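J.: Two chains, two separate frames, one set of hints: put the complex together.
Chains as they are written, first to last, in the numbering used here: chain L, 1 to 630; chain A, 1001 to 1103.
Simulated from the structure, these hints should not be mistaken for laboratory data. Being a predicted model, the structure only gives us computed values, none of them experimental. Cβ atoms here follow ideal geometry from the backbone N, Cα and C, with glycine treated the same way. A couple of the hints might just be wrong.
[Unchecked claim] Each pair of labels, with its calculated beta carbon distance range: (1) Leu590(L) with Pro1005(A): 41 to 47 Å; (2) Leu590(L) with Asp1059(A): 39 to 45 Å; (3) Gln1008(A) with Gln605(L): 38 to 44 Å; (4) Arg1027(A) with Leu618(L): 15 to 21 Å; (5) Gly627(L) with Asp1095(A): 28 to 34 Å; (6) Gln1008(A) with Leu590(L): 53 to 59 Å; (7) Gln1008(A) with Arg603(L): 40 to 46 Å; (8) Phe1066(A) with Leu590(L): 46 to 52 Å; (9) Asp1059(A) with Arg603(L): 42 to 48 Å; (10) Ala1088(A) with Asp581(L): 49 to 55 Å.
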Amino acid sequence: MIASFWLIVALPLSAFAVLILSGNALGERRSGRLGCGAVMLSAIVAAIASVRFLRTPPPNGYLTGTAWHWIASGPLRVDLTFRFDALSLVMVLVITVVAAFILLYSVRFMAGEKDYGRYFAFMNLFVASMLLLVLADDLLVLFLGWEGVGLCSYLLIGFWYRDESAVLAARKAFVMTRIGDTALLLGIILLATRLGSLRIEDILSMAGNAWHAGAALPAVVALLLLLGAIGKSAQLPLQTWLPDAMAGPTPVSALIHAATMVTAGVYLIARLHGLFELAPLVMRLVAALGAATLLLGGAAAFAERDIKRVLAYSTMSQIGYMFLALGAGAWTAAMFHFVTHAFFKALLFLAAGIVIHSVNGERDMLKMGGLWRKLPLTFAAFTAGACSLAALPVFTAGFYSKDFILYSVAASASGGIIPWFCGLTGAFITGLYSFRMLFLVFFGERKIAPAPEAGISMLLPIIVLAAGALTIGFLETPPALGGVSLFSNHMDGILGSPSLIAPLAHDRLALLFLAAFASLAGFFVAWQRYLRKRRLFERFVKAPAVMSVYGLCAMGFAFDAFYSAMIVRPFSVLVKLNKADFTLAYSTALARLTQTAHALLSRTQNGKVRFSVMGIALGAALLLAIGIFS
Amino acid sequence: MTPIPFEQILLLGTVLFVVGLAGVLARRNLILILLSIEIMLNAAGLIFIAGGSKFHEPDGQVMFLFILAVAAAEVTIGLALILAQNHASRTLDADAADQLRDR
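For reference, chain A alone in the conformation it holds in the complex (with noise of 0.2 Å):
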């Protein structure tokens, strides 16, 4: 099996960034932002995976681990607020909750 050239790697995790990031700006509904931004946390993993193996470190993977755990709390915690967000307005719209707007 031959290795799979670095770049490719590089490209791969740029692009999913890229598609979470497009996912969080485009999209309106709450749950679909949150999993765009799982995306994104995918995306710095997978990029954290292949700079371990290429420099042969265990700290890619350790910090690989370290999103997890990030991703988790952030998932539970996320939930939590679009289950708030939903009870109080009866919506997922992320453009309905604007009360902090100037005007």
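Same shape as in the complex, but just chain L (with noise of 0.2 Å):
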């Protein structure tokens, strides 16, 4: 059972390994099916220790194995441990079952490209990261995954590297996740030293013994913590690296940049749920961030034409919510919107790779339209996808994990009616955006001839998570829907329930028909201004207020120009002044004098055979005057 862990992980590693050491040796199709094949084992062995382990659950809830030691400093104890309970199960089947399925659907999609062998070494190694971070049950070891999948991130979106934006958006995503990464590696240094141990149910237990709720010092490793987890995640305020990153290939931002590693921050304030139950105050500012990244990136993603900038900026605002979850104490609640987000977003992405590949490239949905007839599987796929994003009602897994999520912020002791109110203005503009998304790609006059759908590899994805984008959500539904509790029967173990005291909680009924009203009205507007055309939206649009405001939105709220205008520009400047760079005047200087004294000495050799003579006889002079008069 513990053996297969480090299987789960290893074998996207050596299929990485393998792949990178061939270089382009391999060729296409044994590259494809190196690459795909691994990660479909390893969702084959995770499926496997899943089920045994929900079938012979073990005590104390979760599993441990050491694959071996890798630091031991002091009292200072760091090994390699995997760590396999209800949340790592839940990671690391999303994880490898949705990866699957992505990189099947890459064989085909990067097809004729000139560096396949090296997306798919890209791809296992972030599969392996990932699955590692997940899996990790010492936080350096998570640290570990944590730089990896930052590293293939990074590796990735620079994919096209001819491509000088692609190489821009690459960097700019390293620097910003890296202001996080400094943060979160803070965070772990001041655990180790003050608690002297990394295992994470060490510090768990630990903080909570040596810690009392609302002291400073819990206080300020969770705002660590925290800063690490919202550069992953694309929270504000350091989200503008997500929508530049859509300039990687479309599989990529559906794997990294959607499905799992942007989660990665969700899943690191829930893992240490227990450090951040000890600063209420850090939890209300997780709440704020969320609430005030999905009002942003919605608004950002109603703005947006490029399609996938689109879906980049709804990512944010999902992730939003997973956070508005999490500040509340809802750790159940933001996991399985994670889950569901991780499938419906993924599938997204693929429809939307396929829609981009048949009209030539073409990312801007303006120029798009009329494109259902012509692809009538994707329109079905990517309609199942705006559905559950947008959280249709009863049919859609996206309004099950909404609704628990509202259902949950609002009657938490740590949530509240104003945050409630915000994640429900939410769910308007998410459904708004989607299906004007939907709309604007599908249906209209068709302004750009498409060529025919894609074969059915690359269909074969985008319809299985279309299944789980509708289906999934019955893992876990309302009382007035059956009142499954699949998902938080497991979770809650883990990560225990918040505790509902607020009035709000007898009223889950009234909060389930709001949050189906919000989406549905979101719904009704977009049909109406978008496939109706009305008259009324056309004036309203025309008004100079509002296209100020639609401008600022589509600008992404000007937080580019903000942070170019505060941090990039007075740095360059900065730079430009230092350009000899004073700290280095010392060695140079040193090196200067070494080169002038071998000039000077090396002119003494003239090749003069009487100068040498002369040295030798004033040499000679030298030894004798000493010897006499000493």
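T.: What follows is the structure, encoded as structure tokens:
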């Protein structure tokens, strides 16, 4: 049982080693088979391990296995230990299954690409790092995976390295997430020095004993960890890298920048929830950042024209929901939304990839239109994804997870009516932009003649993911709709459930209807505006105030310009001033001194015999003088 | 016949040595440099002989025989080198043979 854990990580890692060492010598067929097959095998092993885990659950709710000791320094021990519990089970299953389908899709999608082998190598390294991240029982091992996924994100955003914008986007993503990573590392170091252990189990139990709730130290640690999480998960104010990261290949966006890596921050907070519970102020900050990000991300997605950037803003916004839930202490709801989001967002990205391929790489939605006749299966899958994203009631997975979040936020002690209302407004905006995207791309008049739909190897993944996006929500349904609680039964044992004290806890049905109403209203407005083209809206959007707000949304709220003016430009001015680098003056002076001395000495080597004789004579005279006079 | 005082022989030897050294330093003709070296060797030999006679030791004369042998060998090799140098660059100027200079 324990033995299978390292196999889950080792399979993609060894595929990476083979692929990267062979360069492109393997050829497309074999690279694709190896890269995709390793992750599929890993998914199968993960599924078997999960079934065994669920059938015979261990008494204390988790299994651990140590592969080897990594560091033993004084009291600090770091082991490469895997930990398998309900939380990592869910993460591992989602990562391997979604990654397997995305890689299957990539086999055809990336065909004819020059660096086919390199693509699959990096994707496998990513999957291995991500699995290490979620299986780690030690914060330092988790950090190893954390940096690994960041590296792969950088490498894959800049996959088309001949394209300058892709390289700049990769660098931006790397630097922005690095800000968060540094904070995370500081937090880990603080934990190691204060608690003397980095094992997650120890940290959670020791922190509860050593610190009391509301003290300064746990707040500082939680704040540092939160900074790391928002960097990775593209939340305010470190979110600007995510839309630019869409310069990478579409399956990369689907896997890394939608389904898995960007949710690492959510996982981190859920994993260390005991620490965050000791810092109620930071929890409130988590909820506030989540609420702000979900609103701003939704608004930016509504104003964006590039289909992939719409999806990127939407990812930000949906992760904002997860943060909102985390901030309210609804850990299980956040993880449930992670699962459904992984399915429908990966599906939307993959379907968008097919659409972009068929219209010759055009990404502007206003230049598409009327594609549903030519791409019927893609259209069907995309509709399923858009409905799930918009959380249309009853038949979509997104509805159940979003309702779960909204209910928990409204009813939990650390939530409240204001964050709930932000979430509800966000649900309306989500419905609006989801269907705006659907209507602009697939309905209306056709502007570009699309190529025929792709083959079965690209359609199968999106069909499977569409099935998931519609049905996976039935794992956890509200009491009014069956009251299934398969997901929370297993999750609450690890994460604990939020204390529901607010009076709203009894109005579950009313909250359910309000959530359903918000998304349906979004759908209705989008329908009236983009399909029926009502005059009312035309006049509304022409108003100057609306135009300027819309422009601000389309710019992503000018965060880029702000950071450029406040940080990037002053920094580059400093860099220009210090072009000679005064800190290096010491070492360059040493080098110059040696060079000058050498030039002087080398002048004595003039090749003249008589000069050498004079040197010998003077030297002998000097030695004699010393001998005589001393 | 009164013996020549030891100091005078030392003085003569020193003068001879300095004359030889000055010749090596000032002359540019290779043959004359070789000649000057011979003068320096003889100066050293002279001082050895004088020392041997002053302290009534045979070592001084033994050393002089060694110096003679060394001088003979040195002249043989030196002349051969001069011939080779003359052959290569058609000159006997010592300063012309400065191919070992740094720049």
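J.: All hints, please: hold or fail.
T.: Against the structure, the hints:
no., hint, verdict
1, Leu590(L) with Pro1005(A): 41 to 47 Å, "violated (60 Å)"
2, Leu590(L) with Asp1059(A): 39 to 45 Å, "violated (54 Å)"
3, Gln1008(A) with Gln605(L): 38 to 44 Å, "holds (42 Å)"
4, Arg1027(A) with Leu618(L): 15 to 21 Å, "holds (18 Å)"
5, Gly627(L) with Asp1095(A): 28 to 34 Å, "holds (32 Å)"
6, Gln1008(A) with Leu590(L): 53 to 59 Å, "holds (57 Å)"
7, Gln1008(A) with Arg603(L): 40 to 46 Å, "holds (43 Å)"
8, Phe1066(A) with Leu590(L): 46 to 52 Å, "holds (50 Å)"
9, Asp1059(A) with Arg603(L): 42 to 48 Å, "holds (44 Å)"
10, Ala1088(A) with Asp581(L): 49 to 55 Å, "holds (52 Å)"
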